[in-house]
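Peer 1: Sequence:
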Amino acid sequence: MAQSRILDYDGEFVTFFYNRHEDNEKVIEKIHVFDFFKRLIVHIPDEQFKMIRYYGLYAKKYKHSSKLFLLMTASKRKFFKQNSHWRARLLLHFGIDPLRCQCGNTMKLLNIFATSKTHLLDKPPPQLYNSA
1 MAQSRILDYD GEFVTFFYNR HEDNEKVIEK IHVFDFFKRL IVHIPDEQFK MIRYYGLYAK
61 KYKHSSKLFL LMTASKRKFF KQNSHWRARL LLHFGIDPLR CQCGNTMKLL NIFATSKTHL
121 LDKPPPQLYN SA
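Numbering-wise (UniProt numbering), the sequence shown opens with residue 1 and increments by one.
Among the hints, erroneous ones may be present.
Claimed, not checked - Ranges of calculated distance between the beta carbons of each label pair, as one might list FRET restraints:
| # | residue 1 | residue 2 | range |
| --- | --- | --- | --- |
| 1 | Leu-70 | Arg-100 | 31 to 41 angstroms |
| 2 | Asn-19 | His-93 | 44 to 54 angstroms |
| 3 | His-43 | Ala-88 | 40 to 50 angstroms |
| 4 | Gln-102 | Ala-74 | 32 to 42 angstroms |
| 5 | Leu-109 | Lys-76 | 44 to 54 angstroms |
| 6 | Lys-50 | Thr-106 | 35 to 45 angstroms |
| 7 | Ala-88 | Tyr-18 | 49 to 59 angstroms |
| 8 | Asp-46 | Thr-15 | 46 to 56 angstroms |
| 9 | Asn-19 | Lys-50 | 51 to 61 angstroms |
| 10 | Ala-74 | Gly-95 | 25 to 35 angstroms |
Hint data in this document are derived by calculation from the structure and do not stem from the laboratory. Glycine included, C-beta positions come from ideal geometry on N, C-alpha and C.
Turn these sequences into a full structure, and let the hints steer you where they fit.
Peer 2: Here you go:
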């Protein structure tokens, strides 16, 4: 409950208001402090309980991401498209090209192994990763 909904507190009674969902009517109640806390404690979440999963730009991000992308300038869109691949991101943030060999040649990505039993790519990646 927001503090702005509490209208009065005299040490023994709390006066507050809420909007009833059934008819959207504003209801003002004056109840004893202990009863107020009983009602309030019910809404305190358990420890480690996550109340908000996504907020702001992350809320329904797939629904809004295309609209946000269109609001960007053309140069920013080009930058994000170029850096949307893992190789470009590593190069941008760490200055390391993961496919560049120490001898100076470009390695070819054939597969990605997550564990000794699992491989993520069944076929070679697109030509984009093979070029330097």
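Peer 1: All hints, please: hold or fail.
Peer 2: Checked hints:
1. Leu-70 to Arg-100: 31 to 41 angstroms: Holds - the Cβ-Cβ distance for Leu-70 and Arg-100, about 34 angstroms, lies within 31 to 41 angstroms.
2. Asn-19 to His-93: 44 to 54 angstroms: holds (48 angstroms)
3. His-43 to Ala-88: 40 to 50 angstroms: With Cβ atoms ~46 angstroms apart, the hint holds.
4. Gln-102 to Ala-74: 32 to 42 angstroms: holds (38 angstroms)
5. Leu-109 to Lys-76: 44 to 54 angstroms: Since Leu-109 and Lys-76 have Cβ atoms about 28 angstroms apart, the given range 44 to 54 angstroms is violated.
6. Lys-50 to Thr-106: 35 to 45 angstroms: For Thr-106 against Lys-50, whose Cβ atoms are near 43 angstroms apart, the range 35 to 45 angstroms holds.
7. Ala-88 to Tyr-18: 49 to 59 angstroms: holds (52 angstroms)
8. Asp-46 to Thr-15: 46 to 56 angstroms: violated (30 angstroms)
9. Asn-19 to Lys-50: 51 to 61 angstroms: violated (26 angstroms)
10. Ala-74 to Gly-95: 25 to 35 angstroms: Check passed, 26 angstroms falls within 25 to 35 angstroms.
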